[in-house]
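Colleague: These protein sequences, in sequence, are chains P and E.
Residue 418 is where the first sequence ends in the working numbering, and the numbering goes up by one at each step.
Residue 1229 is where the second sequence ends in the working numbering, and the numbering goes up by one at each step.
Hints in this document: simulated from the structure, not taken from any laboratory.
We put the beta carbon where it would ideally sit given N, CA and C, even for glycine.
Don't take each hint at face value.
[Claimed, not checked] Quick list of the computed label-pair ranges, beta carbon to beta carbon: (1) PHE29(P) - VAL1026(E): 51 to 61 Å; (2) LEU388(P) - LYS1082(E): 18 to 28 Å; (3) ASP1135(E) - VAL396(P): 56 to 66 Å; (4) LEU1214(E) - LEU388(P): 25 to 35 Å; (5) LEU381(P) - PRO1075(E): 45 to 55 Å; (6) VAL1026(E) - VAL396(P): 36 to 46 Å; (7) PHE29(P) - PRO1046(E): 38 to 48 Å.
[To be verified] Selected chain P positions facing chain E (in silico; Cβ < 10 Å): (8) MET1; (9) ASN4; (10) LYS7; (11) LYS11; (12) LYS17; (13) GLN125; (14) ARG272; (15) VAL321; (16) PHE325; (17) GLY326; (18) SER329; (19) ALA331; (20) LEU346; (21) GLN406; (22) LYS412.
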Amino acid sequence: MLWNYLKMAWKVLQRRKFFTFISLFGISFTLMILLVVYAMYDHTVGPHAPEKRVDRLLFTSSLYLWSPQTENGGHPSYSFLERYIRPLHTPEKVSISTGHGTAVAYVGNTKLELAQKYTDGEFWQVLDFDFLEGRPYNPQEVRAAAHVAVINESTARNYFGTARGVLGRTIVTDEVRYRVVGVVRDVPASRGFTYAEVWMPITTSTQDIHNAEYMGSCMAILLARRAADVPAIQQEFARAVRQVPPPTAVYKWCTEVRLYAGSLLATTVRERLGEDGPDDGVVWFGQAGAGLLLLFMLLPALNLVNVNVSRIRDRSSEIGVRKAFGATSGALVWQFLVENLFLTALGGALGLGLAAAALHLINTSGLVAYTQFGLNGRVFLGAVVIILLFGLLSGVYPAYKMSKLQAVQALKGASNPA
Amino acid sequence: MQTSAAPVLQLTDIEKIYQTKTIETVALHRINLTIGRGEFVSIMGPSGCGKSTLLSLMGLLDEPTHGTVAVDGRPVQSYSDKELAGLRNLKIGFVFQSYHLINDLAVLDNVELPLLYRPGLSGKDRRQRALAALDKVGLSARTNHFPSQLSGGQRQRVAIARALAGAPEIILADEPTGNLDSVMGEEIMDLLLGLNREHGTTIVMVTHDEQQALKTQRLIRLFDGSQVG
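My request is simple: use the sequences and hints to build the entire structure.
Modeller: What follows is the structure, given as structure tokens:
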């Protein structure tokens, strides 16, 4: 039976090629856009290196000095995080690092602008970088302000002309010499909390990291022992922040210090939306995303509904004959749904191919540094779900309408005797 | 309860009225008709007299406005869509004037169609039955052809094979020779007569051709929706 339906679906597709083209184009183009967006989303907040253990990680990056009348937002300082966040008991480890800045290096007369990040030794323990050679610097080297650096593969290639065998060699950034102790695989720039091209001990920063100001340019990453510990860490984090006294110097007006620890997704959304309260905006983001997804799929789905309804008129004779020979309305609904899902699956496969091509173009364009957006298993699974949803969305109404056709009317409606 | 003594089809006080917002058309008026098992009955009458409507009611494709249709002595007005579909599938085969073959399907697939809706039949069984039906109409060599590759007479043979595939007790044929020339029309008529004679299939045929009608066992005449003979 199913084989018969699929055979019929294939024949129907071949019948009106322009309709088929419109349908397939609508489906595949929509799916391509959705898959590209989903691949970008997954690439930004999914469990990829160096944030492989994303379900156990919490990030804190934005500090708000708040009062009912005004507020001042920015990043917390190193000393603030060292004083109030580092001592938390529930996380397995706490890492403090700066956001990424730019350092300048020269290869002969060629200027290299490198994304640079200062970190503590724990940074390498809470995250999972792929080391191609060497090792990370350790907490002892950080305490000793050792001039050591971990660089990414591309920097090794650009600076030394090779990605291998550069351990122990010296890289000079902003006229300061660092000894390379490790080379890691490139981290995409979309990974905002960990991305850099050169990582150095935070104690070698030229900034005064022991300044007692609350505001600075740092962030913290907290690693839970297990994913289930995350809520307990957030509770302890919130208690610790509540006990922070309002600043007494510049921001005397401040009545409340606001700082939150959230997942990679929550912290990314909070930063993008500028959320300064307990609500990180993830729910809104999810609802808006789902709404947009539906809206985006609705237009081609409606087009497909229209095309399908027109096709049903063409097939009234067939429907009449099937009913006359014993097809129930349910069997016909099933047949049309299978046909529509077949068409959608075909469009989905095309969309998947188009998405792969589009992602390849984005990857090679260098739009986002070191980014390798890809169609992994999760994206593929997402695509299957989207395709099924799309197939049902666009197939149910025409199938229902078709099943309601009276056999007599359907047979009379046939204008082209076979 | 089904008994072999009960007529295969019985129509009692049948009325069919088509109603629009402004007009009411009586298509059939007080039709009482009994079709016995193994009969070959023809229905004649001028265009628009209700012949096809009557055939649709016999085929359970439409419902009468008043009156009852009984199959094997059992009234079907309370049957659900699913029950009616099952009854059509098991008991009735249709042959249409314009064949109503599915252009996109090969001959064998067209003939197999009624068997798709019969539970418990394997693909192999379906194929064998469809081939046997095609053999009966002399088209075994055309199984992989498409309807567009056949002559009108051959298409009608395929349509008859489709009607036969499910081994129904009744064949309802709506002007089966209406689109064919006289030679092909004769061929189809001989085929139907043979089915009735050799297999005891009950056949009700709508026709405009007096000569063909006279070959059947009983002739029913309709005029303006009423039975006149």
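Colleague: Let's test the interface hint: is any C-beta of chain E closer than 10 Å to that of SER329(P)?
Modeller: 6 Å, holds
Colleague: Kindly confirm whether 18 to 28 Å is satisfied by the beta carbon distance between LEU388(P) and LYS1082(E).
Modeller: Since LEU388(P) and LYS1082(E) have Cβ atoms about 27 Å apart, the given range 18 to 28 Å holds.
Colleague: Hey, does the LYS412(P) contact hint survive, CB to chain E under 10 Å?
Modeller: 9 Å, holds
Colleague: May I ask you to test the interface hint for ASN4(P) with respect to chain E, counting a Cβ-Cβ separation under 10 Å as satisfied?
Modeller: 6 Å, holds
Colleague: The hint names GLN406(P) as touching chain E; please verify it with the least Cβ-Cβ distance against 10 Å.
Modeller: 7 Å, holds
Colleague: Using the beta carbons of LEU381(P) and PRO1075(E), state whether their distance is inside 45 to 55 Å or not.
Modeller: Given about 53 Å between the Cβ atoms, the range holds.
Colleague: Against chain E, is MET1(P) within 10 Å by beta-carbon distance?
Modeller: 6 Å, holds
Colleague: Between ASP1135(E) and VAL396(P), does the C-beta distance stay in 56 to 66 Å?
Modeller: Violated - the Cβ-Cβ distance for ASP1135(E) and VAL396(P), about 41 Å, lies outside 56 to 66 Å.
Colleague: Starting from the hint 38 to 48 Å, judge whether the C-beta atoms of PHE29(P) and PRO1046(E) obey it.
Modeller: Given about 56 Å between the Cβ atoms, the range is violated.
Colleague: Mind checking the CB of PHE325(P) against every CB in chain E and telling me if the closest is under 10 Å?
Modeller: 4 Å, holds
Colleague: Holds or violated: LYS17(P) as interface residue toward chain E, Cβ cutoff 10 Å?
Modeller: 14 Å, violated
Colleague: Quick one, is the ALA331(P) hint okay against chain E at 10 Å, beta carbons?
Modeller: Cβ of ALA331(P) sits 6 Å from chain E, so the hint holds.
In summary, the structure is inconsistent with hints 3, 4, 7, 12, 13, 14, 20 from the numbered list given earlier, while agreeing with the others.
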